[in-house]
Amino acid sequence: MITSLVRDHRGVSACYYLDVPLEVTLARHASKADAAYLEHVTDAHLTSWYRELDLLPGGLETVIQADSTLRESVARIVRDTDPFAAAPARPARRRPSQGDARNPVLMSDPRVAAIPVRECGEPLVDVRDHGFRVDPRKQDPLGAHAHVREGVLARLQHARSLLPAGTDLLVIEGYRPLALQERYFTAYRDEPAVAHPDWEAEQLHHAAGRFVSPPEIAPHSAGAAVDVTLVDQDGHELDLGARVNASPEESDGACFTHAPNLGDQARYHRTLLLNAMDGAGFTNYGTEFWHFSAADRYDALMRREPYARYGPIELPQLCCPGTLVTRVLDS
1 MITSLVRDHR GVSACYYLDV PLEVTLARHA SKADAAYLEH VTDAHLTSWY RELDLLPGGL
61 ETVIQADSTL RESVARIVRD TDPFAAAPAR PARRRPSQGD ARNPVLMSDP RVAAIPVREC
121 GEPLVDVRDH GFRVDPRKQD PLGAHAHVRE GVLARLQHAR SLLPAGTDLL VIEGYRPLAL
181 QERYFTAYRD EPAVAHPDWE AEQLHHAAGR FVSPPEIAPH SAGAAVDVTL VDQDGHELDL
241 GARVNASPEE SDGACFTHAP NLGDQARYHR TLLLNAMDGA GFTNYGTEFW HFSAADRYDA
301 LMRREPYARY GPIELPQLCC PGTLVTRVLD S
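Following the working numbering, the numbering of the sequence shown begins with 1 at its first residue and continues without gaps.
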């Protein structure tokens, strides 16, 4: 119940656990004046119900020790939850398996392609039907860019609930057809090919994989990935240190998720985004602060899962009024 309340609350949530030992619990219970209640609820009942340090998963609660007075406990909660205090965002977590800040595991890494896919068959859904803002910069005639898998939508809804009031997600791009992914990858691979004519095909493939996923394993083409940034309550984009889809060359490396060359405001906003998406079960791609995926090959590798649940999928097509059909491709 409590985790659901926190998930569904758009503002900042704070949970506290008063750590009272069993003997203190029994003594306080015995001090109650209601004799009928004491006869109905006995020490044996309390002992059977008691769970020592029964905390919710995920570090959700702050523990208040039993020796904290009522005045001290209230003062602490008021201080922690003061809406006018500028509380710093906690540092974004980074999984050790993702590599260091400047050299994350790339999509072109052979370990990503080696992850098998057990397609779960979830359909693509349009996030615009669920109240999400979608930026027009990647729009296409069929609205493919606004689609993600059902499970990805659920995670986006969870991530949204973890953001502070006055802050919202802006979806830039979700699903990307395979043909378009191929064009993106080829175009980006051609850039280092011109600058380094002596490079072998494998080197070019690896270099292009810093920024664009190879088509055969692309999370976007599986409906598993979404590019997002943050906006204020009026829909204006917040400063996250670089524009979405900026290349490493253009941004001087500021597109890297944990880039050191960020201003305080950009770092704060980026941390808000990373913590919300991580809290909702997404995996970030370390060369792109805006790119997150779930249940695809890259996410499976980062989480050490034996297989991915989302493989390449075709663009939804309306074959007759009211009927949405998708066809999963052989991975």
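If you're looking for bench data, these hints aren't it; they were derived computationally from the structure. Just so you know, even glycine gets a beta-carbon here, dropped at the ideal spot from N, CA and C. Among the hints, a few may not be true.
Claimed, not checked - Have a look at the derived ranges for each label pair, beta carbon to beta carbon: (1) T69 <-> E39: 26 to 32 Å; (2) E52 <-> R183: 43 to 49 Å; (3) E200 <-> P306: 28 to 34 Å; (4) A44 <-> S73: 35 to 41 Å; (5) Y16 <-> G166: 23 to 29 Å; (6) A44 <-> Y16: 42 to 48 Å.
So, going through the hints one by one against the coordinates:
At about 31 Å, the CB distance of T69 to E39 agrees with the hint of 26 to 32 Å. For the pair E52 and R183, the beta carbons lie near 59 Å from each other, so the given range of 43 to 49 Å is not met. The given range of 28 to 34 Å is respected by E200 and P306, whose C-beta atoms sit roughly 32 Å from each other. In this structure the supplied range 35 to 41 Å is violated for A44 paired with S73, their Cβ-Cβ distance being about 29 Å.
At about 24 Å, the CB distance of Y16 to G166 agrees with the hint of 23 to 29 Å. In this structure, A44 and Y16 break the distance hint of 42 to 48 Å, their C-beta atoms being roughly 28 Å apart.
Checked against the numbered hints given earlier, the structure breaks hints 2, 4 and 6 and satisfies all the rest.
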